[in-house]
Amino acid sequence: MEQKLLTKHIPGMDPMNIQAYLDVEGYQSFFKAFKTQPLDIIGDIEKSKLRGRGGAAFPVHIKMMSMAKQKETTRYIICNADEGEPGNFKDRYLMENNPHQLLEGMLIAAYATRANKGYIYIRGEFDTPIKIMHEAIRQAKAHGLLGTNIQGSGFDFDLEIRSGAGSYVCGEEFALIESIEGKSGRTRVKPPFPTDVGLFGKPTLINNVETFSNLPWILAMGGEAFASIGTESSTGTKLVSVSGNVKHPGVYEVPFGVPIRDVIDTLGGGTQNAQKIGMVQLSGASGPIIPEYMLDLTIDFDRFEDFDSKTGAGAIIVMDDQKDMFNILKRISDFFEHESCGKCTPCREGNVHMSKLLNKFLQSDATEKDLMNLESLSRVMHQTSLCGLGQSAPTAVLSTLKYFRDTYFDRIEHPQEGGLA
Amino acid sequence: MLESILSKYPKEQDMLIEILLDVQNQKTDQYLSEAEIEQIASYLSLPTAHVSSAVSFYTFFSTQRRGEHVIQVCKDVPCYLNDSDNLVDTIQKQLGIGMHETTEDGMFTLEPTSCLGICDGAPAMRIGEHTYTKLNKDRVTALLAEYRGKR
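Chains A and B, in that order, are what the protein sequence lines are. With the working numbering, letter number 159 in the first sequence gets 159, and the count goes up by one each step, no holes. With the working numbering, letter number 100 in the second sequence gets 100, and the count goes up by one each step, no holes.
A couple of the hints might just be wrong.
[Stated by the list, open to error] For the chain B half of the interface with chain A, some residues (derived, Cβ under 10 Å), not all of them: (1) I17; (2) L20; (3) L21; (4) L46; (5) H50; (6) T59; (7) F60; (8) K75; (9) V77; (10) Y80; (11) N82; (12) A122; (13) E129.
[Unchecked claim] No farther apart than 30 Å at their CA atoms in a straight line, the calculated lysine-lysine pairs in the DSS-like style are these: (14) K47(A) - K4(A); (15) K131(A) - K27(B); (16) K49(A) - K117(A); (17) K137(B) - K276(A); (18) K330(A) - K343(A); (19) K134(B) - K131(A); (20) K11(B) - K141(A); (21) K8(B) - K131(A); (22) K137(B) - K247(A); (23) K8(B) - K202(A); (24) K93(B) - K323(A); (25) K8(B) - K183(A); (26) K323(A) - K137(B); (27) K276(A) - K134(B); (28) K11(B) - K117(A); (29) K141(A) - K8(B); (30) K93(B) - K360(A); (31) K247(A) - K134(B); (32) K202(A) - K11(B); (33) K117(A) - K71(A); (34) K356(A) - K93(B); (35) K134(B) - K323(A); (36) K183(A) - K11(B); (37) K343(A) - K11(B); (38) K131(A) - K11(B); (39) K330(A) - K93(B); (40) K183(A) - K27(B).
Hints were generated in silico from the structure; no laboratory data involved. Ideal Cβ placement from N, Cα and C applies to all residues, glycine included.
Start from the sequences and build out the full structure, keeping to the hints where you can.
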């Protein structure tokens, strides 16, 4: 079931030694890029139909083309390594195990869009990835793969690492840009989009670790061959973070189109202690919670649009049937309440009230009116928040209102003795 | 000490977060004082309010004295599903402190944290710049003893 591209050389390759990457034809795609016209590289990526792996699933070539067409010559590339979505740890895995694959992907993107400066924004909690990426950059510079006139091509590219400081919203592209600029991480109103007005007011291409790590493979095998992996709408492979009540939590690379159930049972080893699955949350805290009977759903970007959720299927959090739904929802809501940047009202205030309403259910103190309020509040937050954080914060509630509605009524009609703490 | 840290950085606003992290990490009481915030602001020619705003925005920064070792225990769902509540209980009992409190000897401060991005090792926590995974009562007890022994 697994199909390994990005993780092909993991484990076994020493991430602290660039030679280990060069030995498996590392940086060959970058050298190939030098012999190709930048617009042809973007054309190949268009053929690959690669979509962003950070959650929004936006076609990568559109962003790249928008950047390539800018008149402004100062342009930036940013790698979003602020992987803060609960239940996701595949970017950490990629950075810790194959840092040069990411650097090569960034170099290809920079060359194709004529950017000369790049940043990798890594969340502050990722102590080990930060150390490994620093070392990878040092070695790449020593090998003449970064800096001025790289390999005699006339192309200059310099790369810096910037650390986050404990803020989930900085994974949102404009909050991330603000953070690199030395400000509080609060989003901006779009448009203009970052490829028009991004970091320091200049055109900026932002992609996540997994997205950049795909580029060497696309150039190596060609866009059409890459597009033959996966499904029509979602090409290539997906690194899936499996966690929760499973026997073998971990990162697994599968082609798009694999059923979620197979990933849980075959790769995750099923539930711990052979409990039944009660709920599964997809994508992370911002994703939908679905019941066991829906697990035949396949991993595919467009399948998830059914949930009106922009996030992908990068995470599978398995919960056994002993877990109280309201305890889970309250934790998710507390998370968003803490992480809201406070700029827009629906998110700042909405998350506070969502926590309060969920606490009433948790304490067996909720009425039907609370249920109606929770539902309308969720819709308002989803429809009117400024950025993805507020828009997706109510996804867990909205999905449980759809698939576990009886559980809400059950709690209203049959309060638990003394409430469930 | 602050001056020698600052002198490593170019006087550019985009160095702010890196500077704040560096300064706080080198202090045994793990916080940023008003005087330090003012000095950093002056070094980067920024209004003090700009720096204070960033300090209050990011969870890593504190304006209150903390212990030498800040313990951050993940409170999110994947860790909760693997019994992180029990982990918090154990630490609180062992150290005799609650959340956001510091031990009397100034060794430890206990804090909750959002997901550490290491859910395959749930339940997880971070002490200073080290992450610890697959924790249970025995491992946490041993770890705390190890940290105490270092002093």
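Given the proposed pairing of K330(A) with K93(B), does the C-alpha separation stay at or below 30 Å? Since the Cα atoms of K330(A) and K93(B) sit roughly 25 Å apart, the hinted pair holds (cutoff 30 Å).
Below or equal to 30 Å on CA atoms is what counts here, so check K141(A) against K8(B). holds, 21 Å
Are the Cα atoms of K11(B) and K141(A) separated by 30 Å or less? holds, 25 Å
K75(B) as chain A interface residue, shortest Cβ-Cβ below 10 Å: holds, 7 Å
Are A122(B) and chain A close enough, Cβ to Cβ, to be under 10 Å, as the hint says? At 6 Å from the nearest chain A Cβ, A122(B) passes the 10 Å test, so the hint holds.
E129(B) was flagged as interface toward chain A. Is the shortest Cβ-Cβ separation under 10 Å? Hint holds; E129(B) Cβ to chain A Cβ min 5 Å, cut 10 Å.
Straight-line Cα separation of K93(B) and K360(A) no greater than 30 Å? With a Cα-Cα distance of about 29 Å, the restraint between K93(B) and K360(A) holds, given a limit of 30 Å.
Pair hint outcome, K356(A) versus K93(B) [Cα-Cα no greater than 30 Å]: Answer holds: K356(A) to K93(B) is near 29 Å, not above 30 Å.
Can the restraint linking K93(B) and K323(A) be considered satisfied, given a maximum Cα separation of 30 Å? holds, 25 Å
Given the proposed pairing of K183(A) with K11(B), does the C-alpha separation stay at or below 30 Å? Cα-Cα ~15 Å, so holds.
Taking 30 Å as the top limit, are the C-alpha atoms of K47(A) and K4(A) close enough? Answer holds: K47(A) to K4(A) is near 20 Å, not above 30 Å.
Is the interface hint for N82(B) satisfied, with its Cβ closer than 10 Å to some Cβ of chain A? holds, 8 Å
The structure agrees with every numbered hint stated previously.
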